[in-house]
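K.L.:
Based on the provided sequences and hints, a complete structural model is requested.
Quick note on the working numbering: the sequence shown kicks off at 1 and runs consecutively.
Bear in mind the hints are in silico, worked out from the structure with no lab data behind them.
A few of these clues could be false.
[What the hints assert, rightly or not] Between beta-carbon pairs, the in silico distance windows are: (1) Asp230 x Thr128: 22 to 30 Å; (2) Asp147 x Leu41: 27 to 35 Å; (3) Thr48 x Glu115: 18 to 26 Å; (4) Ser487 x His85: 56 to 64 Å; (5) Thr128 x Val375: 28 to 36 Å; (6) Arg57 x Lys29: 19 to 27 Å.
[What the hints assert, rightly or not] Restricting the straight-line Cα-Cα distance to at most 25 Å, the calculated cross-link-like pairs of lysine-lysine (BS3-like) are: (7) Lys120 x Lys229; (8) Lys134 x Lys343; (9) Lys196 x Lys207; (10) Lys120 x Lys50; (11) Lys156 x Lys196; (12) Lys343 x Lys460; (13) Lys38 x Lys156; (14) Lys50 x Lys156; (15) Lys118 x Lys229.
By construction, the Cβ of each residue, glycine as well, lies at the ideal position given by its N, Cα and C atoms.
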Amino acid sequence: MTSLEKWFDDAISDGKIRRIPHETISKGKLIGEGGFGKVYLAECNSMTEKIVLKKIRKCHIKEKEKDILFAFIKELKIHSNLEQHESIIPLYGITENRNSYFLVMQFANNGTLSEFLKEKRDTLDWATKISIAKQMADGIHHLHSRDIIHRDLHSKNILLHNGHIKISDFGLSKNINSLSTSTSGFFGAIPYIEPKTLIDHRYKKDKRSDIYGLGVLFWEISSCCIPFKDYISNYQSLTGKISDGLREDPIINTPLEYMLLYKDCWQPEPTDRPLIQMVCSRLESIRIDIDMQPLGKINENNGDAKKDNLRQHLQNEHHNLTWYQRVALLESIVENLQSIHTKNYIHCNLHIGNVLKGKLDYEIEIAGLSYLRSVEETGLSKELYGVMSYMAPEILNGQPHTQTSNIYSIGIIMADIASGGKPPFGDYPSAAQLALAIIDGLRPKFSYGMPRCWKDLMKKCWHANPAQRPNVNQLLEEIREIRRLGSKWIVENIDEDGTDASSVDMNMSSVEEVNSDLRRFSHGDDLFDSNENKQFTA
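P.N.:
So this is what it looks like as structure tokens:
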């Protein structure tokens with residue numbers, strides 16, 4: 001008697017697994033084939049719904065397959081002790097003939113999550129997407145609460161039955177489905193695999209490895225696309241890129257809280273990922289009507305096609321905008337930033353090109369949220385992001401991004417709003433000279449006819465000392481106070497003087513030092529915002 005036969009006999013005699021008489025089952029059509037045998041769609045006389053039979057050979061196991069077989073038995077033991085859960089595909093029992101055992105499982109009539117998302121891509125609303133994510137997280141919570149790790153999450157072993165999520169292959173069927181065995185010799189479809197495993201195949205996966213896979217699945221739900229589809233024919237090259245931090249970019253119109261959640265789930269360090277209890281809690285807290293915020297990549301044609309970036313709007317409507325309307329626009333921008341800061345994030349590329357203006361009067365949205373970083377994450381990095389004109393002097397001096405550097409960027413955006421969308425520093429001889437000038441105190445000119453309250457608030461935002469800048473809540477409070485005082489008060493406080501905010505004598509020896517610092521950045525991939533100064537990504 002083989003180990004497999006002995007364990008099945010013991011499990012059946014102990015009542016852990018139900019034996020289903022083979023003669024009650026009509027073998028149906030072949031629907032798949034995996035490492036242990038074939039998979040059939042069938043019917044059972046004692047069941048009203050169709051079933052799936054997964055065939056496992058009793059004998060003739062090759063020597064190289066024995067370790068996999070023993071691992072299968074171990075995981076099947078776990079499944080036999082697992083209570084049923086609505087988000088986990090049920091194992092009804094086993095049946096056997098002379099040569100093989102068959103796992104008898106529920107047939108998921110809506111197919112895999114991958115198939116479902118592809119089919120419903122154009123009709124799936126966000127309420128349904130969040131519901132799918134919640135069901136998936138609930139199923140993983142059920143496993144983790146019983147110290148069971150799935151270890152092989154991807155969208156082809158997440159099934160749907162009557163519209164409800166059913167997690168399958170959690171550590172027991174992973175070896176049956178050949179899809180989940182990569183050419184690198186470890187289990188799991190590469191885009192969903194814990195990065196530590198990609199670096200070291202001996203790395204022992206744990207519960208937070210499942211959280212990483214959930215993060216990728218959450219992104220897939222948002223996009224209705226398989227992750228890293230451009231690498232589908234070259235997954236080997238993808239392995240190194242994921243290990244180096246490559247992740248998919250957020251999709252336009254993703255709810256902000258949902259995007260922040262999956263970014264936390266796919267953090268490279270396992271200890272930085274939330275536990276499943278927190279994942280479930282954060283999903284429950286998402287309110288579609290409040291948390292919806294369009295997301296987009298940073299590029300010249302960024303964002304929703306129905307929206308202009310704010311510079312375009314200002315250039316078109318400059319002479320029609322009252323100062324009260326400009327204050328209202330600013331309030332909407334800062335409200336968007338507040339939603340980012342209250343979640344303990346920083347926008348590392350905040351400039352007017354990724355502030356979007358909708359059709360409604362004060363419909364403002366901050367795009368470029370693929371550049372969001374957590375406060376803890378930016379504290380460990382000195383990467384240089386952004387359009388130089390909007391970068392705080394301390395960042396140009398090599399310090400990390402902070403929430404106060406976002407406030408500095410708001411000050412420069414205020415200059416844009418005041419001037420009608422003119423680039424804040426015009427044409428500058430070189431990026432190095434501009435960087436040095438900003439460090440030494442250069443700021444945009446004050447526009448003619450600017451209200452004193454606007455000028456004073458702008459100066460607070462771009463203060464050279466980050467500690468002297470208001471935080472986002474203080475800034476929003478001041479803006480709302482200006483609006484409360486009304487348009488008449490704003491007009492009465494207009495300053496007719498249009499002077500420079502600061503003048504700087506250029507120190508050419510220092511320019512050489514800055515040039516040296518800037519040579520480490522790649523200029524081949526520089527992006528441009530309209531006629532704006534170069535954007536550096538390093």
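K.L.:
Could you run down the list of hints and mark each one as holding or not?
P.N.:
Evaluation of the provided hints:
1. Separated by about 27 Å at the C-beta atoms, Asp230 and Thr128 satisfy the suggested range of 22 to 30 Å.
2. Separated by about 33 Å at the C-beta atoms, Asp147 and Leu41 satisfy the suggested range of 27 to 35 Å.
3. Distance hint check for Thr48 and Glu115: the Cβ-Cβ separation is about 24 Å, which falls inside the suggested range of 18 to 26 Å.
4. Checked against the hint of 56 to 64 Å, the C-beta distance between Ser487 and His85 comes to roughly 59 Å, which is consistent with it.
5. At about 32 Å, the CB distance of Thr128 to Val375 agrees with the hint of 28 to 36 Å.
6. Distance hint check for Arg57 and Lys29: the Cβ-Cβ separation is about 20 Å, which falls inside the suggested range of 19 to 27 Å.
7. Annotation: proposed proximity of Lys120 to Lys229 holds, straight-line Cα distance about 18 Å (limit 25 Å).
8. Our distance criterion of 25 Å between C-alpha atoms is met by Lys134 and Lys343, whose separation comes to about 20 Å.
9. Between Lys196 and Lys207 the alpha-carbon distance is near 13 Å, which keeps this suggested pair within the 25 Å criterion.
10. Restraint check: the Cα-Cα separation between Lys120 and Lys50 comes to about 24 Å, which is no more than 25 Å; the hinted pair holds.
11. Taken as a hint, the Lys156 and Lys196 pair is honoured in the structure, with Cα atoms around 22 Å apart against an allowance of 25 Å.
12. As the CA atoms of Lys343 and Lys460 are separated by approximately 24 Å, the hinted pair is consistent with the 25 Å bound.
13. Proposed proximity of Lys38 and Lys156 is supported: the alpha carbons are some 17 Å apart, at most 25 Å.
14. Of the pairs offered as hints, the one joining Lys50 and Lys156 holds, with about 20 Å between alpha carbons and a cut-off of 25 Å not exceeded.
15. About 13 Å separates the Cα atoms of Lys118 and Lys229, which keeps this hinted pair within 25 Å; it holds.
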